[in-house]
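**Student:** Given chain A, work out where chain B should sit, using these hints.
From first to last, the protein sequence lines are chains A and B.
Position one of the first sequence corresponds to residue 1 (my numbering), numbered consecutively onward.
Position one of the second sequence corresponds to residue 1001 (my numbering), numbered consecutively onward.
Derived by calculation from the structure, the hints in this document are not laboratory data.
Every residue, glycine too, gets a C-beta built ideally from N, C-alpha and C.
Incorrect hints may have been included.
[Unchecked claim] With the Cβ distance kept under 7 Å, some of the chain A side facing chain B (calculated, not the full set): (1) 136; (2) 168; (3) 193; (4) 275.
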Amino acid sequence: MFKRIYEVREITSYLKNLLEGDTHLANVWVKGEVSNLKQSPSGHIYFTLKDRCSCLPCVCFRSRHKLLNFIPQDGVTVVARGYISLFEKCGTCQLYVEELQPSGTGELYIAFEKLKNKLDEEGLFDEKHKRKIPFLPRRIGIVTSPTGAAIRDILSVISRRFPNTELVLVPVQVQGEDASEEIAEGINLLNCYGKVDVIIIARGGGSLEEIWPFNTETVARSIFNSKIPVISAVGHETDHTIADFVADFRAATPSAAAEIAVPRKEELVKLIQGLSERLNAAVKLCVSSKREKLDAVAARRVFTKPEGSLNSVKQQVDALYAQLQRSVQRYLKERFWEVRTAAGKMHALSPLAVLSRGYAVCRFEKNRKIIRNYQEVSPGTLVEVVLNKGLLNCRVESRRRSIFSGRQQGEGTDKI
Amino acid sequence: MEGSREKEQIKFEDALARLETIVRQLESGELDLEEALAKFEEGIGLVKICNKKLETAEKKIETLLRGEKGDFVLKTLEGKDEKGR
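Just chain A, with the same shape it has in the complex (with noise of 0.2 Å):
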């Protein structure tokens, strides 16, 4: 039967897939002795770790060895942090590092981050849970010891920025075996006191065993549970505890946790002054401005000379009857001379007018009717001629059809 031969390479690459999907190897802690420690010329170093019974060829690259605030040395326990993968080149196992703590802090510091991955996924670092730090906190709680330095520290910035202010200091030791159960007691001692509006857990720099109580599950989880928000002050500024990341405001040192908890009252008190006058000038502006506007209003002619106002009334009135006046006669005016006009016109075609130009109308006596033809009248009928000035009684001698004068030769009266 025919096999599939593999090239090395094909194993190697197939090796290092596997060992790099395994999320176990990933991220581990190892424990171990440094052996063959090597420098190459490119700047990594290479090391052997081994106990009794194994050794893990290990690799520290530039890149990280400048990070690490530790270089081993041959024979020396160290723990080590770093994923496993395959050197194909040589086809070994081997852990690139990452960090490196000599054995015994290491040990804590691997607690440490234990711990901090385990409260942090419980929530207690949430932003969410975060407590505001008041302005201006009338009483001031501190859990620290006594005679450390950061007690002293921080009532020196206190006097300093707020000199009046009330501080009650829950004495604890800051390390030792009972610390952090002391350190615990007094935040929770102060909760149940109630009266204070900030609460500073502080002490000085330290090695991590020395600061080691504040970054104890104990610490943590009063802080979390405190009602009053809590700072915390631990160490230097370089030094990280658990209790900072679950306090509510996280100071570098002690004298900056009492710079965050009190404001500078001399700049308050400028502040107040400040607005204060300022209150002051806004509303004098204010009310003078009104009173300008006032002023104004008061200073108009109607206010001042109430007469000239009816004046100017009187006057449009004048105006306006004067126009009215104007218009009634240009009416009548014009009326009269359309009335005239039509007179004339009637008179044009009045009969007595025509009369009075010496046109006569002719009618029978009888019946006042007025005769257009001369055959409506025969010889011997009566008849009434109106003249312009007075009337004849007539009676028609003969007739005629031609109406021009004179009798004309052989036109005879009743010949056509």
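**Tutor:** Relative to the frame of chain A, chain B by itself:
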């Protein structure tokens, strides 16, 4: 007076913020006279409250200890004791 006592319960920073708002409103010149005078009066009250709050506390350091019966004991540095609960 109940009202003024209630007012004094206001937090310093809230009083300060309110005072700043009032000053800004007054400075804007948009308030009518009655409003302006009322705000002014409130502002003056807030100035007093703020100043009082800055001065009420005494310089005092006390130590707080757990008493024998689970109560607590306050000791001032002068040695005066004040028992609680």
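**Student:** Each hint: holds or not?
**Tutor:** We went through each hint and held it up to the structure:
1. 136: holds (4 Å)
2. 168: holds (5 Å)
3. 193: holds (6 Å)
4. 275: This hint holds: residue 275 (chain A) lies near chain B, its Cβ roughly 5 Å from the closest one there, short of 7 Å.
When held up to the earlier numbered hints, the structure conflicts with none and fits them all.
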